[in-house]
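A.B. asks: Position chain B against the provided structure of chain A, taking the given hints into account.
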Amino acid sequence: MIKLLWVDDNLDQDLAEKRMSLLMEDEIESDFAGDATEAYFLLTDREKEYDVVLMDLRHPAGPDDIWNEYAEQADRKFGPVLLRMVKENQDSKFNHLSKTRYGVFTIETREENPDLFAPPINLPEQNYKMKTHAYDEKDFINFIYALYKS
Amino acid sequence: MNPALSPALLEQVRAAYEQISGLPFPVHATLSDGTMFLANKAAREFFGMSQELDLDGIKIQSFYEDSREREQVLRKLRHSSPGEWHNNITIRLKVGSEHRKSRLSTLPFFDPKDGHLAAMLNITSSMTEVEWFAEFEDTFDAGFFEMDERFAITSCNAKTAEILNYSDKNALSGKPVSELFWEPGQVNTLREELLRTQHLHNKRLKLRSKGGAMVIVNMHCLAVPDETGLITRAKGVIRDVTFDIIAKDVPVGLFMVTTNAEGEEIFSRANEAFAHIYGFQSEEEIIGRPINEFHVSPAVYADFKKALDEAADNDLPLLDYFLDMKDVHGKKHNIVTNVRYMPGENRRLRVGVAYDLTDHVGKQLRILEADFGALLHTYIATVNGLRDTMGMLIKAHGYDVMANDKQIDRSITANVLSGHIKRLGSLVTELEKMGTERGVNEELFERVRKPWRRLTEKQMEREKDNASWARRNMIEMRNALDALKKTGLPRELLKSARTEVDEILRLTTVTSLSLSLDELNERIPEFYYFRDYLRRKETELQDAKPQNIISILLDATQFLEEFASIRKVAILHHLNPNEQVLVNCNKASLNRAFSCLLHNAIKYSWSKRGDNPAYIDIRVDKKPDSIEIVIENWGVAIRRQELENDLIFQFGQRGQIADDRGRSGTGIGLYDAHNIITKHGGTLRLTSEPTFGNPAEVYSHPFITKAFITLPIVKQP
Chain A
1 MIKLLWVDDN
11 LDQDLAEKRM
21 SLLMEDEIES
31 DFAGDATEAY
41 FLLTDREKEY
51 DVVLMDLRHP
61 AGPDDIWNEY
71 AEQADRKFGP
81 VLLRMVKENQ
91 DSKFNHLSKT
101 RYGVFTIETR
111 EENPDLFAPP
121 INLPEQNYKM
131 KTHAYDEKDF
141 INFIYALYKS
Chain B
1 MNPALSPALL
11 EQVRAAYEQI
21 SGLPFPVHAT
31 LSDGTMFLAN
41 KAAREFFGMS
51 QELDLDGIKI
61 QSFYEDSRER
71 EQVLRKLRHS
81 SPGEWHNNIT
91 IRLKVGSEHR
101 KSRLSTLPFF
111 DPKDGHLAAM
121 LNITSSMTEV
131 EWFAEFEDTF
141 DAGFFEMDER
151 FAITSCNAKT
161 AEILNYSDKN
171 ALSGKPVSEL
181 FWEPGQVNTL
191 REELLRTQHL
201 HNKRLKLRSK
211 GGAMVIVNMH
221 CLAVPDETGL
231 ITRAKGVIRD
241 VTFDIIAKDV
251 PVGLFMVTTN
261 AEGEEIFSRA
271 NEAFAHIYGF
281 QSEEEIIGRP
291 INEFHVSPAV
301 YADFKKALDE
311 AADNDLPLLD
321 YFLDMKDVHG
331 KKHNIVTNVR
341 YMPGENRRLR
351 VGVAYDLTDH
361 VGKQLRILEA
371 DFGALLHTYI
381 ATVNGLRDTM
391 GMLIKAHGYD
401 VMANDKQIDR
411 SITANVLSGH
421 IKRLGSLVTE
431 LEKMGTERGV
441 NEELFERVRK
451 PWRRLTEKQM
461 EREKDNASWA
471 RRNMIEMRNA
481 LDALKKTGLP
491 RELLKSARTE
501 VDEILRLTTV
511 TSLSLSLDEL
521 NERIPEFYYF
531 RDYLRRKETE
541 LQDAKPQNII
551 SILLDATQFL
561 EEFASIRKVA
571 ILHHLNPNEQ
581 VLVNCNKASL
591 NRAFSCLLHN
601 AIKYSWSKRG
611 DNPAYIDIRV
621 DKKPDSIEIV
631 IENWGVAIRR
641 QELENDLIFQ
651 FGQRGQIADD
661 RGRSGTGIGL
671 YDAHNIITKH
681 GGTLRLTSEP
691 TFGNPAEVYS
701 HPFITKAFIT
711 LPIVKQP
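Protein sequences appear in the order of chains A and B. Under the numbering used here, the first residue of the first sequence carries the number 1, and numbering increases by one thereafter. Under the numbering used here, the first residue of the second sequence carries the number 1, and numbering increases by one thereafter.
In isolation and in its complexed conformation, chain A is listed as follows (with noise of 0.2 Å):
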């Protein structure tokens, strides 16, 4: 079984469906958050040891304070705060998740992002998918499992 969390602030508009299909999926059980908030409460739950974290690279920041010190960043890019977040402390507050493995869903390009390709994030290339590329269901579920294997 695959423990997978999904992070997006649209899954429950055009995500929806994909959404749906992962709850199709026998072998994977998910988990979903909608803002940087319930996703830092997921990731820091430890009973939760995700084996795939998957990442939306812009999303609000939710009702918790500890996101004001990024109150002016106008993109909401909290996608790589979290993923550096859980990165730089893998040895204390995410030390549950050092075997995860962290995959990108996104609608903007891999060259727009050249910090999640370098430390600490490190995001293998090819962990970073364009949502225009995995559009069909299937190429989306096939997207996870590979993501598992990486």
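Calculated directly from the structure, the hints in this document are not laboratory data. Be aware that a few hints might be false.
Here are the simulated lysine to aspartate or glutamate pairs, DMTMM-like style, with alpha carbons at most 20 Å apart [claimed, not checked]: (1) B:K458 x A:E17; (2) A:K18 x B:E519; (3) B:K450 x A:D14; (4) A:K138 x B:E476; (5) A:K18 x B:D465; (6) B:K464 x A:E125.
C.D. replies: Only chain B this time, still in chain A's reference frame:
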């Protein structure tokens, strides 16, 4: 006489004096304390003393205009070598009532015992004004030069060399000035002009410096012609004005900002182009003006200062910074600036350049807006067509569960659906029993069981997800039932199960269509608003007409009723719909402003308690000269600092909590509404206060947000 002067030294001085006292110049000898003890005839005349006067008691400092000057002379001589004449001492003397600028040539004598300056032999001569000022030639901040009849440089000062980028003034000696002209032929024009007038004032010349750069100078020149009219020599003064010209003529704003004693930042220098950007005719008008008069908002200025300080912390200038400012007439400009603090001024002085990109940005933006407005218009048309189609599909397939002409009753739909699911459950059980009896392939039957298990075991939180979940599983079950047709199971039983599956598919599809139609209807006011914003015309009050503000407000309210109904927000208004309150206005613009404020109020509303519907409250208060409209809602807060800094009225700025529960928005509405209302001579003010008993800065609690709009009314005769 100074008793300390040894006879031998005295003899030395006397001997030196004797050698030169016959020269036709004033020669005198003094002790270090200033006592004059030798003076020839010319010296006695120079100092206005009779030839018979006993020198005893005559002190040279009594002839100094400023006695402190003598101390400076002594200081120079103390550091000189014995037996060496000093020729470059200039002093101001006073003889009787006459002031004399004088030059001293002095031979110092030192006491061999202690090496102290003991006496000096002096030749004094008067200097003309020209000679006096010539002393400063090399330190003066202007170039002096002299040229001969061939227009070749005969002499010049160090500044001339510096202006022309020569390291040594002697390097210019003998150089034809034609070699120094940017256009060598211009030397003939200069010669002709000098022949005509002999005295040129403020003549602008383009010169070529060593290295090839152009140097533009302002020149004053005096020519000395002979009796035949030919120029025998000419002399002049030049001042480098290259950068003055660049600063004046370059089409870029140059400025200097200084912090004054009160801590206020003011423009302390600017060129004309900069003054024009700020709406002034000349630079003089902007000098001394506090820069905060031109800020769009304190927050915009704070952002700029923060960026400037961060750059300075890294010892860098702030480059290509985009800044919105308003000119002296209140017109907004988009400028880009490069700026840095001057070193050693403790960040109290900065210099920079500014470009006005308003027209450029405005032009690009207008093209973009027009294109996007047209695209959005087409998109809205497509969405409206889609809405109609969805409405028809709902009517066609949800005929038995319709709530009204447009929408299904989702509660009835859920009940009917639940009945079909229950019946399908019984049929699946019966099919399973018969399948076991008739030995139907277990694998085939598991294909029926699996979607059924999923459907019954997992309940989604959201209605939309439940419908989708049921539909996906029913599609699988429909295929599984079709596969069972070739087994020995009763066809009627299979047909009944298939009918139930089809009914569940129909009802879940109708539910999904209904929910999606609501989603579209919820979004469509934002699409309309944004399209209207993109296609707007600038609000010009001269095009305004007196119109009934109450009916404009009611139009906007009516337009948002469907949105309010989907959001389950009631619109309460306390106004008389038949009242006439005339406001001089542009109807389309004000309608847009009201729509935006009402839309925000509805969008950011929460239900107060349990199932009680949320509501917004609209109040109108007519005053003698104005009308005040207050739109109040109860729900998502606006942060205090966002209100205090007017951040909410900035273009593209959404409240920090505006995303609450996935609420979308552009960050343009409040900027636009504020702009429209201000242009109508009114005001827009927002408050957001915690509900009773809640702490002021815990924004996850509900807040009461009020928009206060005031507009001047037209008095009816």
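A.B. asks: Which numbered hints are broken by the structure, listed smallest first?
C.D. replies: 3 and 6
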